[in-house]
Amino acid sequence: MELISPTEWAKDLVQAIQDWTYLAARSIGNIFRHPRYVSDTLQQADLIGVGSLPIVVLTGFFTGGVLALNAARTLEQYGSLSLTGQLVSISMVRELGPTLAGLMVAGRNASGMASELGSMKVTEQIDAMRALGTDPSKKLVTPRVVATIIMLFFLTIICDFFGLTGGFAVSQLGLHLDAHQYWNNAYQTLEFGDVIIGLIKPLLFGFLVATIGCYYGLTSRGGTQGVGRATTQAVVAASILILAVNYFTSQLLLYLLK
Amino acid sequence: MPAPVAPAESPGRTTDGQPQSAIVLEDVSISFEGNTVLDGISFSLERGETKALLGVAGAGKSTILKLTMGLVKPDHGNIWVLGQEVSAMKEEDLFELRRKLGMVFQESALFDSLTVRDNVAYRLIEEGVPEDKIQKRVEEALRFVELEHTLNMFPGELSGGMRRRVAIARAIVDQPEILLYDSPTGGLDPVTSTTIIELIVKQRDVYHTSSLLVSHRLQDAFTMATHYFDRSKNRMVPVNGAPIDTRTSFLVLRDGKVIFDGSAHELATSRDEYIREYIS
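So the protein sequences, as listed, match chains F and V.
Using the numbering used here, read the first sequence as starting at 1 and increasing by one per residue.
Using the numbering used here, read the second sequence as starting at 1 and increasing by one per residue.
These are calculated hints, taken from the structure and not from any lab test.
Owing to the predicted nature of the structure, the values given are computational and were not obtained by experimental measurement.
A couple of the hints might just be wrong.
List of simulated lysine-lysine pairs, DSSO-like, C-alpha gap at most 30 Å [unchecked claim]:
1) V:K136 x V:K73
2) F:K139 x V:K233
3) F:K139 x V:K73
4) F:K11 x V:K136
From the derived model, a few chain F residues whose C-beta atoms are all more than 10 Å from chain V [as the list claims (entries may be wrong)]:
5) T41
6) L42
7) L47
8) F61
9) V66
10) Q77
11) M129
12) R130
13) A131
14) L132
15) T134
16) Y187
Label-pair distances were calculated between CB atoms; the ranges are [as the list claims (entries may be wrong)]:
17) V:D75 x F:F154: 46 to 52 Å
18) V:E157 x F:G193: 37 to 43 Å
19) V:D27 x F:T224: 55 to 61 Å
20) V:E127 x F:D12: 34 to 40 Å
21) F:A244 x V:S159: 36 to 42 Å
22) F:F154 x V:E92: 53 to 59 Å
23) V:G40 x F:A244: 44 to 50 Å
24) F:G29 x V:E139: 34 to 40 Å
25) F:L252 x V:E127: 52 to 58 Å
For glycine and all other residues, C-beta sits at the position ideal for the given N, C-alpha and C.
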């Protein structure tokens, strides 16, 4: 294995951040420039949104269920079992819904984008596209970024809802809590700030997932092995950044909405 | 009153501002990861001329095509294409110029998720050409390469030679002013190679398109220089002393430098030891 000097590694890292920033900025700037690829955006929205629906629904449902199960054990000791809905609601809407939906979409779509664009890159299809007078950042990147941002927003709402439903299923069937009490608690505890926090995050995560997936795809090299490497790196980078950005966004938004 | 100053003549334009040469490279150098690929290359391609770029693998032939297309930027030197300095243009400004150029990639580079029809029509769809016109022009282009029957097939269903012909159809569908062929016969059997060369000769003699052709196969380049397309017979025939100028020249690269730029006859009679060995 070839060893890389720390200086070279640092240079490569700075270069990668610079290239990603440029690509990400262009992908947003392209929204305001012609031509706009509306049909490509709709196709991507279907692929990302509808395609990710089953895993997001299942993830949300079972996470909500397990949250209720674990919360009940603690709450029971204090005689506050009726607060289960409140705990599930806050956790899902503010943190787990956006994060889990983001991670699921990162696993499924950042890898898909990296492998698709990576294959196009190594077979010179990206160069062919440029040679035919088409800007790949407009045709390939912007539709994916726009579609991921919009669809992740709605997927998060769906994930939140199914999380609450999962919590309700456990509360109703396992803990024999009153349905009205669960939903009323879950609803009443949510404040405007919680919902805002929960809905701003998927916009950021969607942007990260799509731009990172596209960046690794467009910069992949070294044949099929390189495409495989780019795919793995895209999922790892997107997942870590989602978790890191989630922490800092929570900090910032909690401070701002205090 | 001072006399009006005539506009300066640039390598890409005449004094009246019209493009004079199709392509001009002036002292162009480029390196990749510390390896010098091209070192001070200069040559020009006149309008209607075809130039075959020859040299061993890694000599920088394909890089010249990519530089001409503006797909990569030179480290040093200037490149003019149709009078515009591509080496100084931004990526966003290059897309307009690239629509006047056609390129056939080494491995065809067809979009594998699109049908042959959509591959050939790609540029026309992007330009918003009406559907009926697209269909007509796609059929024309596919007829030119004798692949009308592949319209609804995917690139994966075609043979290597057929993919190369579809790539030619995609490049010529908009009748570009310049065509760049990157090893169009590479990896093909001799019969298919001759078919491809015949198509290139047909494009040269029927539409008089300026072109740069990269090839490892010397016999392909000589075939182009010594044959012309006879429209009455609808096939390529040897010049055989007829007063026909095929307007095909040769450029040989060695170690990133141009060591020969001239006609087929000059190449065949060159006294340069390397060239004699190369063509033997």
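So, going through the hints one by one against the coordinates:
no.: 1; hint: V:K136 x V:K73; result: violated, 36 Å
no.: 2; hint: F:K139 x V:K233; result: violated, 43 Å
no.: 3; hint: F:K139 x V:K73; result: holds, 22 Å
no.: 4; hint: F:K11 x V:K136; result: violated, 52 Å
no.: 5; hint: T41; result: holds, 16 Å
no.: 6; hint: L42; result: holds, 16 Å
no.: 7; hint: L47; result: holds, 12 Å
no.: 8; hint: F61; result: holds, 34 Å
no.: 9; hint: V66; result: holds, 40 Å
no.: 10; hint: Q77; result: holds, 58 Å
no.: 11; hint: M129; result: violated, 8 Å
no.: 12; hint: R130; result: violated, 6 Å
no.: 13; hint: A131; result: violated, 4 Å
no.: 14; hint: L132; result: violated, 5 Å
no.: 15; hint: T134; result: violated, 6 Å
no.: 16; hint: Y187; result: holds, 46 Å
no.: 17; hint: V:D75 x F:F154: 46 to 52 Å; result: holds, 48 Å
no.: 18; hint: V:E157 x F:G193: 37 to 43 Å; result: violated, 57 Å
no.: 19; hint: V:D27 x F:T224: 55 to 61 Å; result: violated, 38 Å
no.: 20; hint: V:E127 x F:D12: 34 to 40 Å; result: holds, 39 Å
no.: 21; hint: F:A244 x V:S159: 36 to 42 Å; result: violated, 50 Å
no.: 22; hint: F:F154 x V:E92: 53 to 59 Å; result: violated, 33 Å
no.: 23; hint: V:G40 x F:A244: 44 to 50 Å; result: holds, 48 Å
no.: 24; hint: F:G29 x V:E139: 34 to 40 Å; result: holds, 38 Å
no.: 25; hint: F:L252 x V:E127: 52 to 58 Å; result: violated, 45 Å
In this structure, the earlier hints numbered 1, 2, 4, 11, 12, 13, 14, 15, 18, 19, 21, 22 and 25 are contradicted, and the remaining ones agree with it.
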